[in-house]
Amino acid sequence: MLSGAAAFEPSAVQRPAVSLLPPAERRRCAPSVAWALAVAQEAVQSSGLDAGTLSVVFVSSDGDGDIVHRLCSALATPAAAVSPTDFHNSVHNAATGYWSIGAHSPAASTALCAYDASFATGLLEAACQIAIEKRPVLLMAVDLPYPPPLAPHRPVRHGFAAALVLEPGTGLEISLDGSEPTAPPMRDFEGNASAACVPLLAALARPGEALVRLPLAGRVLQVRKI
Amino acid sequence: MNPLGVTAYTTTTALGRGKAAMLEALRRGKGGLRANDFDRAELRAWIGRVAGLEEAPIGGALAEFDCRNNRLASVGLGQDGFKESVSRAKAKYGARRVAVLLGTSTSGILRTELAYRQRDAQGNLPPDLHYRHAQNLYSITDFVRQVLALEGPAMTVSTACSSSAKVFASAARYIEAGIIDAAVVGGVDSLCLTTMHGFSSLQLVSDEPCRPFDAARKGMSIGEAAGFALVERGAGPLSLLGYGESSDAYHMSTPQPDGEGALGAMQQALTRAGLEPGEIDYVNAHGTATPANDRAEDRALVRLFGKRVPVSSTKGFTGHTLGAAGIVEAIVCFLALEHGLLPATLNSTAIEPGLESMVLLENRAAKVRRALSNSFGFGGSNCSLVFGE
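Residue numbers (the numbering used here), protein chains in the order written: chain Z, 986 to 1211; chain G, 800 to 1188.
The hints are simulated quantities; they were obtained by calculation from the structure and are not laboratory data.
C-beta: ideal position from N, C-alpha, C; glycine also.
There may be inaccurate statements among the hints.
Stated by the list, open to error - Covered stretches of chain Z (in silico footprint by chain G; criterion: 3 or more residues with CB under 8 Å from a CB of chain G, positions within the stretch not fixed): (1) 1090–1099; (2) 1141–1150.
To be verified - What the simulated footprint calls covered on chain Z by chain G, stretch by stretch (three residues with Cβ under 8 Å from a Cβ of chain G suffice, anywhere in the stretch; the number is not a length): (3) 1108–1122; (4) 1126–1136; (5) 1178–1185.
With the hints as extra help, turn the sequences into a complete structure.
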């Protein structure tokens, strides 16, 4: 029982501008946060809702690889001196923290990870929040390739970010199911867990009914667009 | 909200393995912090370290998961008959109707940190990094789910220090929405270089055992811990009565000075529980012993509760267990409720003038019917939980 407005960015885009953030935060936030907030801002604008009324669900399988690389590189030196900004930016909920600051929103937020099932997990969490708390939810997902030397250990060809604003309504029915996931249409996004939402975005973009199955631990999340 | 029964729980911290070890330590006022002896031990700090993890590698079918964080999870799950409690729930509801929702801030990243010291001449990492089963945040939940052979929804919540409190809220919603009947909630965080050096770089770490709310406090002591609880549909003698979640919308690593966000989370928790502030018998504060947190939290507590409710921080016992702090301190509340013990704010001797909450410096024996626990994380992520009968 959800209806949605959506935005997404494939990796051809360089670091996007995030007008929502004040200049200092805009400079300091990590690339993955910039991506997430750029699409989030776009989705919220097109929804017409006030950002302060939205609870936020952030998902990412892999977080920000640039920060992990810098932190681990620094930690491997004798001085082990890490950047304090890198450290507070390394939390999985950095994007929601920056969002709340930029949007001046005290609304609840969460940050989730379920590896390849991260997007569907976020959608399930959002659906339960909508059902129980009866308020709209901003769902944002981002995964970017890891830099070397981490890259071979989690191969992701292209970055991807998407955001949806979901409201109580009659647009989508969510259920748990035991069948196979719908395969994502673009091979370019192989390895990118956030891009698992592409079949859903495609269904939302087209008129008419649709049935999409997204990977969840051991089964699928079935999303019926009515 | 409909109360959610807490039907089993266990924790392993620097105080020892299992809940009896924690209860004994709280009763005796005997903390678990030690002078930093982790890794190269360069930082002058006190830490809450769990003994014996170096001798407890994960072998067999789950050997890919071997890392300090999952070892701590494995040790934690083996206490207090927790696995048997989960098996009973699985038999009652079906494996697909029991979820696993766990918090962590750093998962198995220690393995990657150490691997960076072993890069070859071309800068490559060793092939046995096991990113998916160690570093990745989902690793801890995947591991626990497989150890417990559960098949319901599973996710890691990673919102820094509020992680393993927020899992209670998600579990309550999933159960209320009817997609599950029970959940294993909790969290695990283990000592690693990122947090040790990271918090130090922000000058948030004390070179003495932390002393929350104390006039002479100098910052936090980091600890590691595992904690788990089984929650089920339907009220019981020990239940989650309410939860509240909010954001500070202020700064990434400093709390809102007037405690507005914290106040919002606590008020929501009381509202969901259908309780007035005066009905809370004990508050387990987030109480990290940083100057900023304790001051901001005190403001929020006084605004909501006045100066009447007994408050303590138990981070002097266990250290700040980060992604596991929510569950560890929920369990302190469980023990308070079950044993009528309000624990002291260990290591603290003189409350900072100007802080007005009734901060306990000695243990107190009293009937506790309702307790509230606070967990506040980086990014201004706030979560408050109310437990009781």
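* **Violations among the numbered hints, reported as their numbers in ascending order** => Of the numbered hints, 2 and 5 do not hold.
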